[in-house]
Amino acid sequence: MASSSPLLLLLLLLPLAAAAASLPPLPLSTASRWVVGADGRRVKLACANWASHLEPVAAEGLSRRGVGDIAARVAAMGFNCVRLTWPTYLATNATLANLPLRASLERLGMPESVAGVRVNNPGLLDLPLIDVFQEVVSALAKNNIMVILDNQMTTPGWCCSEKDGNGFFGDTYFGPEEWLKGLSAMATMFRNTKNVVGMSLRNELRGSKQNVSLWYRYMQLGAEVVHAANPGVLVILSGLNFDNTLNFLVPNQIQLTFTGKLVFEQHWYGFSDDGNWGSQNQNDACGMVVDSIKKKGLFLLQQGWPLFFSEFGFDMSGTHVADNRYITCFLTVAAEMDLDWAIWALQGSYYIREGTLAYDESYGLLSWDWCTARNPSFIKRINALQSPFQGPGLPNSQQPYNVIFHPLSGLCVLVKSSEALELGPCDKSNAWNYTKGYELILKQTGQCLQAKSVGENAKLGTSCSKSSSKWKLLSNSGMHVSTELTNNGTRVCLDASPDGNITTNQCKCLTVDPNCNPESQWFKIILSSKHIPGGTSILQLPSHGPWSPTSSS
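Every letter in the sequence shown is one number past the one before it in full-length UniProt numbering, and letter 178, counting from 1, is 178.
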């Protein structure tokens, strides 16, 4: 999106989180597909991945900014959680765990990083690596940030390759006994650390030794070991094929001795989801990929199991067309399914990655020098997805309604007047009912959404039986919200103009054309149980109830 776009300016005007929210009542547990606090209310995991598993075995960025400053930045960007990675050897190899951070950096030939830590984190420079790791967790706690400990690798280094010896049980560096020992040690270490709320047992299982029966054997053992050492944490299990698939669970769910703590995790990147994002029509690509993702893991939500998308991400420069297309599709699913998620990655650069010093992370939320946001508009764009739309304990859990989400902007459709609608913050959204008769009815007034003509503003009216008040979902993405004009039968779609006004235009890019960009016309009608702005003076319509377009009718 061009920097001069009025829609971008609208995004930038939205406020960042002013201060870190308080921690939810802990410990966390699960209730059907939801993660909940100790009070039974939904807790949505909106996390950033912070790498601490590469060769230095220290959280990235300590040579760039103070650890407290980094933690405060995480909170200011609206995240309530960090998925903090660690290598098994940090917990099982005493020599490594007790190596001072200074010595770890010096052995890798990084005097500039040593100097940077001396300036930004002098109190950490001569601490053992395991103490540095604990200090990072402590800094996050001071900013009310929850932590999920993620076992990325056994040996410190970049993840992942099918031939790195860290892929699956029995690989060169992946002995099950040492892995279980490391899980137990880390779970025990943080047993009384309030903000450590979960442990992800292993990142991206992969390689030629993958075996479903061994997955069940060792993941069950790992889960039991963690729960025995630290019964308060969520136990998070990854799937196979770089954590792209959990479909082997369809006929045979894992059996554990404990309940209320099990969460599954799945990864979704545009480069590994089999989508032809750069060469296929965007609606067709999104529809195909979403269908595949549902079969590989999203089905667990329908079965009543929590699913955490613990890694997704894209090139934050905004110049990678395929990535831009993928991320909009992902955000749509994240909104519709109200996913728990963790973006890759927080770090703007690495001490060293794959032999390159000061490696720039193009997927990083932060800039190379860790001083600014790499893509401020994207942080605004995901703001609505950092708090729950649905789940136990929300004000309208018993009477959910619909909102109209626009994934390109991360905003929702708001009623400005009966003659004008516009994009605005989703927490200010009006409550709609999307009926089985395809009307979009405003709950407060009973008026319905209508189209006037091509190129004009969408409006509200009372003649809801007209064809121009019947809104169907077109294209393989299901995101073109379309109606037929009453006077001539022309089919039009909702469209967001560059200044955020909601108009109706001829539907574009429905199929075939790989170069056409449909995203201004992409909307998703989703369920919400949030507080409705304006209080409880809502006109209840006994003949209509909110309908999820994906539910059976």
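No wet-lab data here; the hints were simulated from the structure.
Even for Gly, the Cβ is constructed at its ideal location relative to N, Cα and C.
You may find that some hints are simply not true.
What the hints assert, rightly or not - If you anchor each label on the Cβ, the simulated ranges turn out as follows: (1) Val454 x Asp69: 25 to 35 angstroms; (2) Glu112 x Val512: 51 to 61 angstroms; (3) Val250 x Gln398: 28 to 38 angstroms; (4) Thr257 x Gly304: 12 to 22 angstroms; (5) Val454 x Asp39: 49 to 59 angstroms; (6) Asn517 x Thr257: 28 to 38 angstroms; (7) Asp69 x Gln253: 40 to 50 angstroms; (8) Val512 x Leu357: 23 to 33 angstroms.
To be verified - For lysine-lysine, the following DSBU-like pairs were computed, each having C-alpha atoms within a straight-line distance of at most 35 angstroms: (9) Lys181 x Lys443; (10) Lys508 x Lys452; (11) Lys194 x Lys294; (12) Lys459 x Lys416; (13) Lys416 x Lys209; (14) Lys416 x Lys466; (15) Lys459 x Lys470; (16) Lys508 x Lys470; (17) Lys508 x Lys443; (18) Lys472 x Lys459; (19) Lys209 x Lys142; (20) Lys459 x Lys436; (21) Lys163 x Lys142; (22) Lys181 x Lys163; (23) Lys466 x Lys142.
Within a Cα-Cα threshold of 35 angstroms, do Lys194 and Lys294 meet the stated pairing?
holds, 34 angstroms
Sort out whether Lys416 lies within 35 angstroms of Lys459, counting only the CA atoms.
OK: Lys459 and Lys416 at ~10 angstroms, within 35 angstroms.
Are the Cα atoms of Lys181 and Lys443 separated by 35 angstroms or less?
It is violated: about 56 angstroms lies between the C-alpha atoms, which goes past 35 angstroms.
Could you check the hint for me, namely that Val454 and Asp39 are 49 to 59 angstroms apart, CB to CB?
holds, 51 angstroms
Distance restraint evaluation - Val250, Gln398, Cβ atoms, bounds 28 to 38 angstroms:
holds, 31 angstroms
Hinted pair Lys508 and Lys470, Cα distance within 35 angstroms
Satisfied, since the Cα-Cα distance of roughly 19 angstroms is no more than 35 angstroms.
35 angstroms limit on alpha-carbon distance, applied to hinted pair Lys466 and Lys142:
This hinted pair is violated, its Cα atoms lying about 57 angstroms apart.
Look at the Cβ atoms of Thr257 and Gly304 and judge whether their distance stays inside 12 to 22 angstroms.
Once the Cβ atoms are compared, 19 angstroms apart, the range 12 to 22 angstroms for Gly304 and Thr257 holds.
Do the Cβ positions of Asp69 and Gln253 conform to the proposed distance bound of 40 to 50 angstroms?
holds, 43 angstroms
Take a quick look at whether Lys209 and Lys142 sit within 35 angstroms of each other, Cα to Cα.
Not satisfied, since the Cα-Cα distance of roughly 42 angstroms exceeds 35 angstroms.
Are Lys416 and Lys466 close enough, with their CA atoms no more than 35 angstroms apart?
holds, 23 angstroms
For the pair Asn517 and Thr257, does the Cβ-Cβ distance stay inside 28 to 38 angstroms?
violated, 51 angstroms
Going through the hint list in order, the structure does not satisfy hints 1, 6, 8, 9, 13, 19, 21, 23.
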